[in-house]
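**Q** Those protein sequences? They're chains A and B, same order as listed.
Just so we're aligned, residue -15 is where the first sequence starts under the numbering used here, counting upward by one.
Just so we're aligned, residue -15 is where the second sequence starts under the numbering used here, counting upward by one.
If you're looking for bench data, these hints aren't it; they were derived computationally from the structure.
Be aware that a few hints might be false.
The list treats identical chains as interchangeable, and a pair is accepted whether it falls inside one copy or across any two copies.
[As the list claims (entries may be wrong)] Under the rule of at most 25 Å between Cα atoms (straight-line distance), these lysine to any residue pairs were calculated in the SDA-like manner:
#1 K329 - G303
#2 K58 - E97
#3 K305 - G153
#4 K170 - P232
#5 K58 - K170
#6 K58 - M(-6)
#7 K305 - G337
#8 K305 - D216
#9 K329 - G260
#10 K28 - E97
#11 K323 - E230
#12 K58 - G73
#13 K335 - G280
#14 K305 - P321
#15 K165 - R76
#16 K323 - P142
#17 K335 - I227
#18 K323 - S182
#19 K305 - A244
#20 K329 - F167
#21 K170 - L343
#22 K28 - E174
#23 K335 - Y281
Nothing here was measured: the structure is a model prediction, and the numbers come from that model.
Protein chains: 2
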Amino acid sequence: MEKGLELALMSRWLVILAGGRGERFWPLSRIMHPKQFLTLIGDKSMLESTRDRVASLIDDAHTFVVTGVDYVDKVSLNLPHVPPDQILGEPRGCNTAPSIAWAAESIFRRDSEAVMLVLPSDHVIQHASRFVELAHRALTLAERYGGFYTFGIVPTHPETGYGYIERDGSAFDDATALEVKRFVEKPPREVAEEMVQSGRYFWNSGMFAFRVGELLNAVQEYLPMLAEGITDLVDNPQRARDIFSEIPAISIDHGIMEKAPAVYVLPADIGWDDVGTFGALARLLPRDGEQNAAHGYAIFVESENVTAISDGPLVSFVGVKDLYVVATQDAVLILSPDKSQDVRKVVEALKQGGNHEHLL
Amino acid sequence: MEKGLELALMSRWLVILAGGRGERFWPLSRIMHPKQFLTLIGDKSMLESTRDRVASLIDDAHTFVVTGVDYVDKVSLNLPHVPPDQILGEPRGCNTAPSIAWAAESIFRRDSEAVMLVLPSDHVIQHASRFVELAHRALTLAERYGGFYTFGIVPTHPETGYGYIERDGSAFDDATALEVKRFVEKPPREVAEEMVQSGRYFWNSGMFAFRVGELLNAVQEYLPMLAEGITDLVDNPQRARDIFSEIPAISIDHGIMEKAPAVYVLPADIGWDDVGTFGALARLLPRDGEQNAAHGYAIFVESENVTAISDGPLVSFVGVKDLYVVATQDAVLILSPDKSQDVRKVVEALKQGGNHEHLL
């Protein structure tokens, strides 16, 4: 069979991972309204932006969303053109391998010759057209040659909140895809610094492209218990709760990508950010001459380097500096810029205090 | 006539000055809900606390409240037992002399032999029983000897936000009342320091006791235009708007007390505070081991010297220090502790921006 023909026969599918609980964005995000549903940048939710960004590559009818069972209705409202039976609700979060395997098995039953693009639902990509070009290239490579394709972000600083991908010496397909040597989990500071300096590492963006059948074969080989569970799940969706209590909770990176041969990374200079903390969001907002930034209505008097994020209340500042402030009608958070990771301590305090009013 | 008999014949009246607009407490206070109606300390409004504090001396039936015309209904709701015709609504704020003269003239028409106690509606007095004893003494002195009695707070620091009263050398009535040498307007820092060190100065609390007739005579003598206006006003209350546009806006201190003979100060160690700013309120709140204080629901994580004042929203802090935060459902203010006087700058910005939603 000629390659052009094979290409034309493979259908392309999008799988959006939207299971995040977004506690690092409390009080803006709530248990029932996590980050992927927030309008942090622009006027669309993170989830909508994720879906719309690749509209020229894959349509709604070929889209799956994997989310928490409690969020299925919210996803449906947010993406009304995605077929409801393609919104998969997990009864419990089990990391990415089960989510991706479930979507892959579901797609495989529709078209065994499909390729899929996996995207987290809550990341920012500032250079959308460059990303779309890259996604198209990754899907094309998967269609043409098979293999697993990841998107490696050229690191701008020694971030300790991300995983890293080390490239191998050899390039593949005219250097648009490099062989992956290994995946590195979130590193300590010194290690991150060394990796960034070496020029051989990328940030792991959590986005992938591959053939559906190839992924399922890899699951069968490296995570056989998961493969069994997922087959059972698609055959008997009413057993989801039981099955999810038994399958292994493991990431696709750790469970598959680190073990599979033919894993490639596409260097991606696409203005990517996982917006994992208020600090990350603060970096994305435009600033005035005093380095103040606002998402929502804010008044700054004699203040500098202040970030105000509000989904309603007016937030005003007099004579303060170096602060993040997040305001909603019923809860306000005031945060030191270097404590952006510690929002969960407040969430923990609320949980321990049995305060559901401010969490839900 | 024997003095005891004369005493028994004089009725005692309370005059509460409740005209403040309380912009320094925005966003907690609003134009339609100024400081005297707030519950800043304890569970009663400042106005209610002022009225209740002297319940053992003077009852509701003998109480006048002078307020802005827009606040008359609010005062009525707050003090339902004060006769409605004794709540005087000023069409425009003209400082204290007109307010006090209006109340005095109104009382004089009911009882020309009355004495009156004048109290601002929005001050805190922590040692209430000591204050009541002192007020009783001031009223008794006025009944017995005539004269104007002020309450001088022993200064604890060189406050530049208050006026001061200088005592004269000579004492009156067993040193419970000292002759006043002069009144001093809000001083610059160095002057305030000298005054506090000298031991001869008190803070002017704005509270007074005197015979109603004697006050009206003094108004006649020192502020004849005001005397004329007030007589006209009590005769023709429907002309209030016109009259208030013509009478002089002047304080009782400046207009009367500085000129009258027989002005005395009673040293008052009563835990007084005019709570004029968030800084003053912050000083009154109990603090935890990290010097954090909350009025309302707050969570402090790794934070110190933070004051949170909320009339609803949960306010949470992570890793910050030296802040005042004031939160309401629709507006949040974050303030440096040394900028407590500058809240009005935000209010000004709102006014200039035509933002009535957050002011009213």
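**Q** Would you mind marking each hint as holding or not holding in the structure?
**A** The hints, checked one at a time:
no.	hint	verdict
1	K329 - G303	between (27 Å within a copy, 11 Å between copies)
2	K58 - E97	neither (31 Å within a copy, 74 Å between copies)
3	K305 - G153	neither (46 Å within a copy, 50 Å between copies)
4	K170 - P232	within (21 Å within a copy, 73 Å between copies)
5	K58 - K170	neither (31 Å within a copy, 59 Å between copies)
6	K58 - M(-6)	neither (31 Å within a copy, 73 Å between copies)
7	K305 - G337	between (31 Å within a copy, 24 Å between copies)
8	K305 - D216	neither (56 Å within a copy, 55 Å between copies)
9	K329 - G260	within (16 Å within a copy, 35 Å between copies)
10	K28 - E97	neither (33 Å within a copy, 73 Å between copies)
11	K323 - E230	neither (36 Å within a copy, 58 Å between copies)
12	K58 - G73	within (11 Å within a copy, 53 Å between copies)
13	K335 - G280	between (28 Å within a copy, 19 Å between copies)
14	K305 - P321	both (10 Å within a copy, 12 Å between copies)
15	K165 - R76	neither (32 Å within a copy, 79 Å between copies)
16	K323 - P142	within (17 Å within a copy, 38 Å between copies)
17	K335 - I227	neither (28 Å within a copy, 61 Å between copies)
18	K323 - S182	neither (28 Å within a copy, 48 Å between copies)
19	K305 - A244	neither (49 Å within a copy, 50 Å between copies)
20	K329 - F167	neither (29 Å within a copy, 53 Å between copies)
21	K170 - L343	neither (28 Å within a copy, 48 Å between copies)
22	K28 - E174	neither (37 Å within a copy, 57 Å between copies)
23	K335 - Y281	between (30 Å within a copy, 15 Å between copies)
In this structure, the earlier hints numbered 2, 3, 5, 6, 8, 10, 11, 15, 17, 18, 19, 20, 21, 22 are contradicted, and the remaining ones agree with it.
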